[in-house]
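K.L.:
All chains, please: the whole structure from these sequences, using the hints.
Letter by letter, the sequence shown follows residues 1 to 345 of UniProt numbering.
None of these hints come from the bench; they were simulated from the model. One or more hints might be untrue.
Said to hold, decoys possible - Calculated pairs, EDC-like style, for lysine to aspartate or glutamate (alpha carbon to alpha carbon, straight line, at most 16 Å):
1. Lys272 / Asp293
2. Lys65 / Glu100
3. Lys152 / Glu258
What the hints assert, rightly or not - Here are the computed distance ranges between Cβ atoms for each label pair:
4. Phe60 / Val179: 35 to 41 Å
5. Lys196 / Leu146: 17 to 23 Å
6. Val255 / Lys80: 45 to 51 Å
7. Lys80 / Ile153: 47 to 53 Å
8. Lys196 / Phe60: 20 to 26 Å
9. Asn81 / Trp241: 45 to 51 Å
10. Ile153 / Ser127: 32 to 38 Å
11. Glu100 / Asp197: 15 to 21 Å
12. Ser49 / Arg300: 27 to 33 Å
All of these numbers come straight from a predicted model, not from anything done at the bench. Glycine included, each C-beta is placed from N, C-alpha and C at the ideal position.
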Amino acid sequence: MTVRMRDRDLTSEAASDLSLAAFSASLRINSDWEKNYSGNSLGNVKNFSYKELRLATDSFHPSKKLGRGGFGTVYKGTLKNGIEVAVKTLSAQSKQGLREFLTEINTISNVRHPNLVALLGCCVEGSNRILVYEYAENNSLDQALLGSKSSKIKLDWVKRSAISLGTAKGLAFLHEELVPHIVHRDIKASNILLDKDFNPKIGDFGLAKLFPDDITHISTRIAGTTTKANWGGMEKFLLEWAWELYEEERLLELVDPEMEGFSEQEVIRYMKVAFFCTQAAASRRPLMSQVVDMLSRNIRLNEKELTAPGLFIDPGESSKKGPSTDSTSCQMSSVPVTITNVTPR
1 MTVRMRDRDL
11 TSEAASDLSL
21 AAFSASLRIN
31 SDWEKNYSGN
41 SLGNVKNFSY
51 KELRLATDSF
61 HPSKKLGRGG
71 FGTVYKGTLK
81 NGIEVAVKTL
91 SAQSKQGLRE
101 FLTEINTISN
111 VRHPNLVALL
121 GCCVEGSNRI
131 LVYEYAENNS
141 LDQALLGSKS
151 SKIKLDWVKR
161 SAISLGTAKG
171 LAFLHEELVP
181 HIVHRDIKAS
191 NILLDKDFNP
201 KIGDFGLAKL
211 FPDDITHIST
221 RIAGTTTKAN
231 WGGMEKFLLE
241 WAWELYEEER
251 LLELVDPEME
261 GFSEQEVIRY
271 MKVAFFCTQA
281 AASRRPLMSQ
291 VVDMLSRNIR
301 LNEKELTAPG
311 LFIDPGESSK
321 KGPSTDSTSC
331 QMSSVPVTIT
341 NVTPR
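P.N.:
Structure follows, in structure tokens:
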């Protein structure tokens, strides 16, 4: 009996020691967290408290809601210093641990470009994962084009062409200039924000890496890491229609009837660039830096290289045909087919 009592006491002491050790380790972890991540900033990222963001958004009031996407809901917020921000509450559980999550957020915050939405800070209290971005006064491109009458903005051709070019510049920076490269994987009109001067700013870049593949609108099968986007569904149907109009030389029928004062030649050229960007085989699509050149410089497009866009042909067919031998066009780097020619004017 005495031996049993002694064994029980030893077992109790061991359990107590383990509990104390676990509690001590927890204190050290919390201390490390306070030291490394709490307070003013994590690198360039300000660490906001949940209370601060709740006050900024009137407790995330529905009237402050700007939109909702695959990664979460966005609210308009006003900080104590009067600065307006966009507060995104992440709805999906990150597939990374807290430390890895914060490391990625810090990396994203260091990415700066005139056509990218700047990440200003984050909140990681408890289960909350909230990102704080610069605020875009004119909301998103989809709201400007397709929103209700109260939210729609009349965009003339000058603004629309500038938005197209600015978006291409932002993607070119992410895909080709930034090291390491970031492939957006969820580019769409709702992720293109417009500031007070209607300059386009791409949002949600870098977030795809933080969450499961099924969070974005692109399937796991085709998402990959290519900088030449894959797509499908409704876009294919619309492109079939657009291609038919192209073949019948009726492209201007696609122009928004509300848009006035545009150059027909320039509008048609932008549409043709879109056809190059949606060629079935990725090898036949231009890089975004080439798209920037195609949209902003005096370049004659080599339409002999255009084939029906989308998923109409076997991606391997273009490689069987071999490069063009058209002597009037110049080879573009990284694209095995010749699609443009610089024409001085």
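K.L.:
All the hints need checking, so say for each whether the structure fits it.
P.N.:
The hints, checked one at a time:
| no. | hint | in the structure |
| --- | --- | --- |
| 1 | Lys272 / Asp293 | holds (14 Å) |
| 2 | Lys65 / Glu100 | violated (29 Å) |
| 3 | Lys152 / Glu258 | holds (12 Å) |
| 4 | Phe60 / Val179: 35 to 41 Å | holds (36 Å) |
| 5 | Lys196 / Leu146: 17 to 23 Å | holds (21 Å) |
| 6 | Val255 / Lys80: 45 to 51 Å | holds (47 Å) |
| 7 | Lys80 / Ile153: 47 to 53 Å | violated (30 Å) |
| 8 | Lys196 / Phe60: 20 to 26 Å | holds (24 Å) |
| 9 | Asn81 / Trp241: 45 to 51 Å | holds (50 Å) |
| 10 | Ile153 / Ser127: 32 to 38 Å | holds (37 Å) |
| 11 | Glu100 / Asp197: 15 to 21 Å | violated (37 Å) |
| 12 | Ser49 / Arg300: 27 to 33 Å | violated (56 Å) |
When each numbered hint is compared with the structure, violations occur for hints 2, 7, 11 and 12.
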